[in-house]
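J.: Next come the chains, spelled out residue by residue.
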Amino acid sequence: MKARAFSYFRAGTIDEALAAHADAGDDARFIAGGQSLVPALALRLQAPRILIDINHIDELRSVRREGEWLRLGALTRHCEMLTEPLVAEFAPLLRAAAPFVAHPAIRNRGTLGGSVALADPASEFPAMVLALDAEIEIAGPSGRRCVKASDFFIDLFETALAPGELLVAIRVPLFRSNQRIAFDELARRRGDYALVGCGMIATLDRDRIADISIALFSVGNVPTRARSVEAVLVGSSLDAGRIAAAQAALSADLAPADSDDVPAAMRVHLARVLLGRLLGRLGEVR
Amino acid sequence: MTAPLTSLDRPNSYIGRSVPRPNAKRLLAGRGRYVTDLRLPRMLHAAFLRSPHAHARIAGIDVEAARALAGVHLVATGADLARICTPWTGTLDHFKGMISEPQLPLPLDRVVWAGQAVVAVVAESRAIAEDALELIAVDYEELPAVVDLDAARAPDAPLVNPAASSNICFRAQLDSGGVDHAFAAAAHVIEEEFSFGRHTPVTLEPRAMVADYEPDSGMLTVHHATQTPYQFQDLYSRHYGIPEARVRVIAPDIGGSFGMKLHVYHEDMAVVGLSILLGRPVKYVADRIESFVSDIHARDHQVKARMAVDAQGKILAMDVHDATAIGAFSTYPRTSVVEGNQVIRLIGAPYDFKSYRATLEVVFQNKVQTSQYRAVGHPIACAVTERMVDLAAARVGVDPLAMRAGNVIPDDAYPTASPTGYRFEALSHEVCLRRLREIMSYDGLRAEQSELRQRGIYRGIGIATFVEITNPSPAFYGVGGARISSQDGATISLTPSGEVRCAISVTEQGQGTEAIVGQIVADQLGVAQEHVRVLTGDTEVTPHGGATWACRGAGIGGEAALQTARRLKANILEVAGLILQEQPGALDIVDGQVVSVANGQVRLPVAEIARIAYFRSDTLPPGTQAQLTVSHHFAPQGYPFAFTNGVQGCYLEVDIDTGFVKLLKHYVVEDCGRIINPMLVDEQLRGGVVQGLGAALFEECRYGETGQLLNGSLADYLVPMAMEMPDIIIDHVETPTADTILGAKGCGEAGTAAASACVLNAVNDALTPFGASVNAIPITPARVLKSLDRY
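Chains as they are written, first to last, in the working numbering: chain A, 1 to 286; chain B, 287 to 1077.
Please note that the accuracy of each hint is not assured.
What follows is a set of in silico ranges between Cβ atoms, one per label pair, in the way DEER data are often shown [claimed, not checked]:
1) A/Ala40 - B/Ala450: 37 to 45 Å
2) B/Pro1055 - A/Arg176: 42 to 50 Å
3) B/Ile725 - A/Arg4: 19 to 27 Å
4) A/Phe157 - B/Arg343: 35 to 43 Å
5) A/Gly143 - B/Gly346: 50 to 58 Å
6) A/Ala252 - B/Asp323: 21 to 29 Å
7) B/Asp379 - A/Phe157: 50 to 58 Å
8) A/Phe157 - B/Lys311: 41 to 49 Å
9) B/Gln459 - A/Arg4: 50 to 58 Å
10) B/Leu950 - A/Val38: 19 to 27 Å
11) A/Thr83 - B/Asp323: 48 to 56 Å
12) A/Gly191 - B/Ala450: 41 to 49 Å
13) B/Leu1000 - A/Arg4: 20 to 28 Å
Hints are computed from structural coordinates only; laboratory data are not their basis.
Ideal Cβ placement from N, Cα and C applies to all residues, glycine included.
So here's chain B without its partners, still in its complex pose:
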């Protein structure tokens, strides 16, 4: 007996199939071509002298000895680059009242964080450039540094930006009304304060670029390890005054980005200027030590939350205050307030209650800039919400899973909106919770937990429901004045030999974008996927688009590919109809062959249509102009965001004598709408969960009192590694969005969104017998032991 046939058994049915990534073998074999691998003729190398102080005035810079060193071609200071590069400011119009100082590639007279690049050297080799850095003398006059969040908010705090009246970057308030009344009427009011440490993305491949300005043609080519080549094409064009058509940004193989590689970094902007000043290619690759003090950091929030529940455990209201510190500037061009903004808008999002009030306070400090990193804001919103739900469940005396089942927005209540105004098309919290109970064997785990406690083994179970923002519309950045596209475009051609070439604006950083685009195109055209070649990441080759961030690759890029492929297919069938003297509607394409719809009879290979159209157009009826290349764009319409949802579970053990936490198993039930490639979705979820687990237990940028990063190396900054990671069990619910034909939503941030919340709840569950609780992330042995009063 064989299994019944499904739609996947049709030829070329790739949507929903676990197809291996076409680039996986090449990358695994070490044949990736990253920016670091690039060696251009006459290429020079840049290195940067960095500030040792968190805040200081630059009284003088002596570069003469460095300039004199053999092999050095250029030593540039802030003033040198300011002559050719216009400043930028990391604010957006829709964040009313936000401020940030203008920024330049290198500072003119003041450094604002320890590690900020101050002087650039360009030399024959990186080693010579670093030799020259040792010969530069900078005369600093130290200024008082604003290090922690509370210090920044103090009334008499030193100012990060002396021209401002305070260290406040941005404030926001949300109020649905009725909050005070709900709290007054509540049977229980739960209060807790949370702190979330800073962490940083730590991509395998650091930031890297080769800027290549060709003075005679005025053409700038930047080979850039970025996820958003079009955004950088626009920025390099505008800030260096080069017409956009003469700026080409190429993103070759990228070793991970996670949101880190879409911000403007001072060194990167400087390298473009250095190439312009020299008229030669200049390479800069951040080493790991530099990455820690110059890649964006993220999180760093302190949240105060209150929740009102009735006697039966029904959530009535939430009232929260989020304060977050973002470094000395707001990041350009996406700002550093999006995370806080999403924290206050996502808190409580899975739950059915009406009264919500939130305030957000974003402050400057003398540290590395924070900005968007995988799951922007979600982990904070989720941890706060889910811990409050657990605390409420304990207060009311309800099981945590039952508490959630009784409070999530019911699956039949859609469309609906959150108290913060997010509009939900269709979510599936109830079915996800039921699935989680099954895959965890929840009741069995509870029994095991209780039995082990008798033997002095303390295990915890944590649950976290979540909502994820994906497929953002122009409401995200465009309305704020950022030239960041929310649409994507594809150009698909039938080649003369009947193969297919798809150039698309979404980009590939290792997650499999090219794989799923190839699947969609092959599926829609009716050809084998090995005959579809997908090109990404070159502004001169691919259409303009938003590229890859905020979980938009599959939902928006995928839909662009689908709609373009359908148009090309119609064009192919039109030519086929002329050749076969049939109505195009009576024909279809299956496995690279034109067939009759009526009986499936094979009529003509697609390759033959291409041959005739390209080489023997004289045999087609007069006036025929075959269009075998189609370009088409898709911008999301309808809902401003495609929200996804899911729930995660965690099972762990706390060693109460050492404070160590051992992760035993992690569970995810996730609904990202139409799944294009289940294997890649599972990879995204697992990778996301691991980053969330890293945040929960390990990752934290620790600073000293003077604003020095204390653990800026991979020996001291702990990223999650395989030995400490649990098995991750994954299950799916599919609720496609009706806003697109494809129905896909994003999945790349779902794992990160809830994993740390789950661990927080599980650790606290394990500590219940001791009356101890932890409210800070990461959950270190020191924090666990402190909560248990063990030292």
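Isolated chain A (complex conformation):
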């Protein structure tokens, strides 16, 4: 299939991009890596009047430390998550998730900002942004604002981004030496969207879990925090009994729908298996 005809504008600055969007009466789409948008155009699922190319806006590019935060520009490519030393040091959970994101060709182009803005509930990065209690910097016609990840993902492909707003950067708290991470997913083929995936970051106090944040993906309409599981784990050590209790608590956090090939009960089962394995790994690295 071929996309419907559209205009193209290459923005040099955030303000130019925002102005172009407003000029088009919001019948516009920002394009960065295009890994989801271009297929949607080709399938005519989307047919905006204009594409606003944000790939050349320098302000969206950098990865840098800002105080207690690591700030990742929206244009940070998935492949940079694998190669950027600051990510490995200060956001290892993103580093751990990156190899599971699609395939090398897609990782070369796809961007962190694009993935989070699209908010595909089966994608790795939106869920990890949620697990990390990240903050999302947004620029819009009425200025800049910052939204917590927990307030950002609203429903299926629906986020706190208003029409005409641009995701500028993601800020994640710096990884600390008493923290541990674990990530894995169950996908039938390497690079596919997972049947279920999970990432977690725990803060340890000697052998006890002082704090833990667990997010799952491919389990519903939005990336999902496993808050009941977290509550079971905080303050305890990761013995087999506690892991089993955590697995049992998971069903309170998830309510996936049946899909044509994966019944809801199977998805919950798989999530439980994956959670158990990751908690087991978290226990081992201590």
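Dock chain B against chain A, hints included.
T.: For chain B alone, coordinates are given in the frame of chain A:
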């Protein structure tokens, strides 16, 4: 020390040698010329509006807005094309009693599957054509859709074809006699039911064509991504009333076909008509989304099987019932019943037992048509047979490999026939089983499996013997009235500079047909292969033939090349004898030189013979007419099919908590007779195995209750990919057929035939400690977990 010399060390000894494909470099460099790359002057582009309903009456079509769009040249409905194209019916005479509705390029008043093309638009570009599709309004009145197999067979089922009395397309029965008696006397009776999902070939290159009708000369040229140009030349000629000599079908580089590119597709037939209506070239390339709802699907069988064995584990009898659903029509011109027909005829084929009974029921439903796809019927027959053998082995308490060794037709029993009447010239099951045991280190794997089980790691070993149908004679299609040739022809010329040009009717889709034909011609003529140019795939250039399907390229096309080359060689030596004043029998050709047979002395370059014959015939004796172009055809005679055989093994691990299956290693021992190019044979086997593994674990066209394909994209329809594929270890046994000089049989479908059966057996082997079993393909995590009662 050097290795001893073999026949391969003679100059120009190419048969049996791993010669690289001459076209591989060009294709790898991106210099392939596929239909999609073609841009003809004044060429237009077609797109199709497709039915959103599985079954509906077309109450009206409004195309006015689409016609008015700038850049649109034609909007055509079923009625427009029905005026110039005669209908076709996908039945063959030798399938007694089969029925199917007549078909037209586009429907007149009723759509019968979701995705069926309804209206065609031809425009300056594909994008404009798609813009116009959005402006077409079709008024549908929905009709009840027949979606699954059981629903189609229900007594009160809605009818796919309202003019028929039921949804039955075809029924067949086989009975060797003695079945009930054998079951009554058996020590053990094993019963199982199987289901095999639908899948679809997914060629890298989708269907593509440029039809170019030139009204002044009345000449139709179709550039067509097909494996069978002659068949389409005949069909376009007959259905559009154009004399055959004025229809030219050119198959350029093809990106895979697997049987998918030899059926008549409604869009393809329509595109020819669109070009005729416009008098301009029209291009149509199916995109991936269209491919999923219009390329043929395959399989979709439900099989009930029973096997009788004696107390020692000897198979006594089998009794099977196969039901298969084929879509709304039987495919033209090869029908959609061949797969079921081969299922019931191939079940049990490797084994030595006499009593066999089978019934086949082929039904219509409102889905995409199914038809022949790589290894037609074989994977179903093999999976049913081999799973039953494993179940029987377990019941009797015999090791699965020993069970097979004790039941296969012995290697010294040939010629013989299967209980279904297939005649076997010479197969090698016993030696293949012995080789498999060695290359698998079978006993070592069993020991490892048992040790790992103690640690909660569940591995499985699966074995599957198989028989493959290759080199089909006219018994396959010709006797049923199809104008599909079982012979092939070659025209080989010595060029004036002493090189060789071979135009042959077998075709190339990426498997290396041109490579092996070049090897055979060079070998037989005694010239270097780089001096042989092979041309395929153009009805105006190459002789008429069956082309490439059913593993016939090497066995039939190769033999045609061999016999033609021998005739040309005799002609060359005749001229050489005149020039050298020698008896032709005293001369031979080695490495492009005429030599004396007696002492190998070089006498004259072949190029010099060509020069004299073409430019200085005045120097030859009066009356000499050198014949340096030879055409010759070969049709298989003797056995109706050249059966091949082999055995595959699979080693895998089942994650019992997730239901995921990890393939660890796959093994193949295969006997395709004379091997022309070992590297290409191994490629065919590996590629075939991978398609079989895809069927086993991943591929399935899933439909919703209303007959919508739910996973019609490559994001949702899972094809096997490199990361999930195991190493595939291959070994060969060579039992050449005596029906030809070359002795080659086919090998292209052997991998697919048994790979899924192997995986089915291996998964069930891994699940043995849990008393769980899986009987449905593909073997998904959901099915494995369900069998283990994990959710």
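J.: Which of the numbered hints above does this structure break?
T.: Hints 3, 6, 10, 11 are the ones this structure does not satisfy, whereas the remaining hints hold.
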